[in-house]
Amino acid sequence: MIELRNVHKKFGRHVVLDGVDFSVADGETVALLGPSGTGKSVLLKHIIGLMRPDIGDVIVDGESVPRLDRRQLAALRGRIGYAFQTGALFDSMTVYENIRLGITDDACYGDRDFCRRRVAECLHLVNLADDVGKLMPAELSGGMRKRVGIARAIAGRPKYLLYDEPTSGLDPVNADAMDALIERLQKELHATSVVVSHDVRGSFRVADRIALLHNGRIRAVGTAEEFMAAKDSVVREFLERDVQFATEG
Amino acid sequence: MDQLTTTSELPVPVNAARAVARPVLSALENVGRFGMMVVELVRALPEWRAWLPRTIEQCQHVGYGSLAIVMLTSAFAGGVTSFQAGYQFTGSIPLYLLGAVIAESIILELGPVMTGLLLAGRIGARYAAELGTMRVTEQIDALESLGRNPASHLLLPRVLAGLVMLPALVVVSDATGMVSGFLAAKQSIHITYADYAYGTQRFFRTFDLWYSVIKAEAFGAVVTLIPCYVGFEAQEGAEGVGRATTTAVVASCVLILLLDLVLAKLLL
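So the sequences go chain by chain: A and B. Start counting the first sequence at 1; every next residue gets the next number (our numbering). Start counting the second sequence at 1; every next residue gets the next number (our numbering).
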């Protein structure tokens with residue numbers, strides 16, 4: 001289970017998170033929506049311990065993330081897969097080496113045959129051919145980079161999966177393919193997932209529940225149906241803006 | 001309605017105090033963060049499976065990659081030292097003393113300092129740009145998210161490569177400078193090998209070589225630790241990486257010259 005309790009975070013004088021309470025049950029997929037710059041990625045980085053809250057607590061798997069020491073945090077991160085917005089692939093390594101680095105169990109990481117099999121499995125899971133493993137990140141398209149980023153995130157068979165804007169920068173066809181991929185991964189891996197996005201349609205498709213981050217707080221949480229029926233003005237405005245954008249597009 | 005007090009409305013002494021305090025606090029913060037990085041490097045030493053293969057790779061970049069340019073500049077430096085010594089002292093001192101002047105200049109000063117400054121540009125800029133780019137493109141965050149320690153995977157291999165390879169390069173630089181110094185002196189002032197060798201050996205102390213290597217070790221630490229720190233802490237995209245690279249090279253060069261002075265005072 002992932003739980004954020006009254007999390008506050010500010011950079012200088014700019015308040016990003018202003019008392020966030022948020023939880024994700026085991027096996028559940030929650031989409032975190034909100035306009036750009038509202039702190040969605042910052043919230044995600046708190047879950048994996050890349051940022052510490054100024055006030056409040058982040059509990060993952062029963063452990064308080066800000067209170068973990070270096071080794072405990074490394075062990076926890078071995079159970080979390082994080083797919084970065086731009087892929088964040090190591091550009092001096094091949095795709096194969098990038099995905100191999102996602103195998104967080106040291107014994108497995110040292111077993112070359114295991115690594116070869118696992119990297120091939122991960123490439124298949126994200127619909128990429130085996131020979132992509134030989135390429136360098138600079139030779140990949142934006143969509144392929146995101147897929148390789150996801151392959152690296154799932155290589156260690158994580159219990160938790162965090163997706164940071166998986167469809168941003170993709171054309172509608174590739175965005176749909178990415179949503180289908182996330183849906184399929186949820187079914188095959190049964191991981192507890194948080195998907196950060198500003199794509200309402202895609203979020204409704206992949207998530208069990210949706211949360212809207214607004215002005216540093218969770219404004220609304222609920223299922224897709226509850227969200228569509230919500231009367232809250234901010235939720236309505238956000239949904240209508242997306243529908244309007246889709247219609248215009 | 002609350003009145004907002006702007007900086008321009010504050011009394012002059014308060015503004016002056018702020019202007020002084022900000023850079024001082026910023027410098028202290030950097031010293032603290034730098035210290036924490038060094039502590040992290042020491043704590044990463046037991047993770048040798050992560051840093052050893054990467055250190056060997058970095059040693060090739062630092063050592064083999066810099067060999068040609070170090071030998072070339074040392075050859076020029078040895079030649080110029082020889083010509084200048086010949087120009088200043090011919091006729092006033094015995095020729096064999098020129099051998100001593102050339103050899104000591106190269107071993108004590110030119111070899112280590114020139115190699116240090118060269119590597120501050122070649123390796124320091126590279127490290128700061130590499131790590132800065134990795135920081136702003138979230139590659140360092142990605143490494144941490146995989147439970148890997150950036151100190152053992154990225155920083156320690158670079159620092160160790162500098163500490164191992166810079167003294168080796170300085171020894172090569174010393175040897176190259178002395179050979180080219182002799183060849184230039186033979187050409188310009190017609191010194192014999194016997195005179196050159198006699199002068200070199202007459203005033204040579206084993207400590208001179210140690211002094212050269214100690215300086216190289218100190219410069220090796222400077223040209224790796226400073227760029228690693230500055231690159232690792234880079235922010236704000238391409239501009240931040242550019243700023244980190246410039247800062248790394250300038251700070252490394254200034255520190256090399258400062259350390260050169262301090263070590264000369266302490267050890268000679």
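Do not take every clue at face value.
What the hints assert, rightly or not - Among chain B residues calculated to face chain A with C-beta under 10 Å, some are:
1) A129
2) Q139
3) L146
4) G147
5) E236
6) K265
7) L268
Derived by calculation from the structure, the hints in this document are not laboratory data. We put the CB at the ideal spot given by N, CA and C, even for glycine.
Consistency of the hints with the structure:
no.	hint	verdict
1	A129	violated (12 Å)
2	Q139	holds (5 Å)
3	L146	holds (6 Å)
4	G147	holds (4 Å)
5	E236	violated (13 Å)
6	K265	violated (40 Å)
7	L268	violated (42 Å)
In the structure shown, a violation is registered for the earlier hints numbered 1, 5, 6 and 7, in ascending order.
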